[in-house]
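Chains as they are written, first to last, in my numbering: chain A, 1 to 227; chain B, 1 to 85.
Heads up, some of the hints might be wrong.
Beta-carbon label-pair distances, calculated as ranges [said to hold, decoys possible]:
#1 A:Lys35 with B:Lys32: 25 to 35 Å
#2 A:Glu220 with B:Lys32: 55 to 65 Å
#3 B:Ala46 with A:Lys224: 51 to 61 Å
#4 B:Ala21 with A:Gln154: 28 to 38 Å
#5 A:Phe65 with B:Pro81: 28 to 38 Å
#6 B:Gln54 with A:Lys77: 42 to 52 Å
#7 B:Val37 with A:Glu156: 26 to 36 Å
To be clear, the hints were calculated from the coordinates, so they are not data collected in a lab.
The structure displayed is predicted, hence computed values, not measured ones.
Beta carbons are placed, not taken as given, at the ideal position from N, Cα and C, and that holds for glycine.
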Amino acid sequence: MSTAVVVFPGSNCEKDTLRAVEAVSGRPATLVWHKDRLPSGTRLAVLPGGFSYGDYLRAGAIAQFSPVMKSVIELAKAGGLVLGICNGFQILLEARLLPGAMIRNRNLHFICRWINLRIERPGTPFTNFNPRILRIPIAHAMGNYFIDGDGLKQLEARGQVIFRYCSQSGDVGDAHNPNGSAGSIAGICNEAGNVLGMMPHPERAIDEALGSVDGRCIWESVLKCGG
Amino acid sequence: MIRAHVNVFLKPDVMDPQGKALGEALLSLGHKTVKRVRVGRYFDIALEGDDPEQARVELTRMCEELLANTVIENYEIRIDPAQKA
């Protein structure tokens, strides 16, 4: 399969992401500058973390209009896989490829730490693995997921909640919710299930030297299913 | 030329941690009358042309497309009376 990692001005996780994709798949992937199109044959597009356009106005607000987003939207509509991580998630929300919006963390801090992630819906292209709890880091100031009450009900009913913040043993609750997200939500997908946004960084958990290899589960799943 | 003032602010049911922190800071500075603070954004926009109705249509599109995220924010547009060049 062909994997593209999109680079916006201000992206800063593209190389970690590229490295994760290549280390797990054993095949080269492509960095795509935001002014270009995705290469034809792209089956998986990853929007990496960072501060695209300096987070001006709102995180992801300006990147949604980058030329490359046209082909990302085309890929999403054609059923290809799109994975947005952190700032990439914010961009997918701003582009309305995913419902809801991000507001500031409730404690106003930039939070950079390990969290536990509960898999709410196994068996998707992004969660086709056995473990039910993954240990993966977060690093964001605007990761407080907001969606109105009806929207949240709809998300839950349609099985679009993929990841929730939880305790080490998998309990979900306010004490284990680092940023105030509605429903402790850490990651959601679209209705069709081929576009996923997540705040935690699976590319930062692919090697014991980094403190966890749990991120590999997600990469192995998405690289296998997208192939 | 038309000059417009656009305010964008979080919807009432959206938590505003920044506003809350500022409200607490103002109270701690001794401003005991402060009940609530909400933080928004203000845009001062100059437009070509002199038709305020047309400007309002365009400004509304600007808000919907970029200036506001209508999932979490509302906006208000105010247009100055036309000025003769």
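(request) Would you pick out the hints that fail for this structure and give their numbers low to high? (result) 1 and 6
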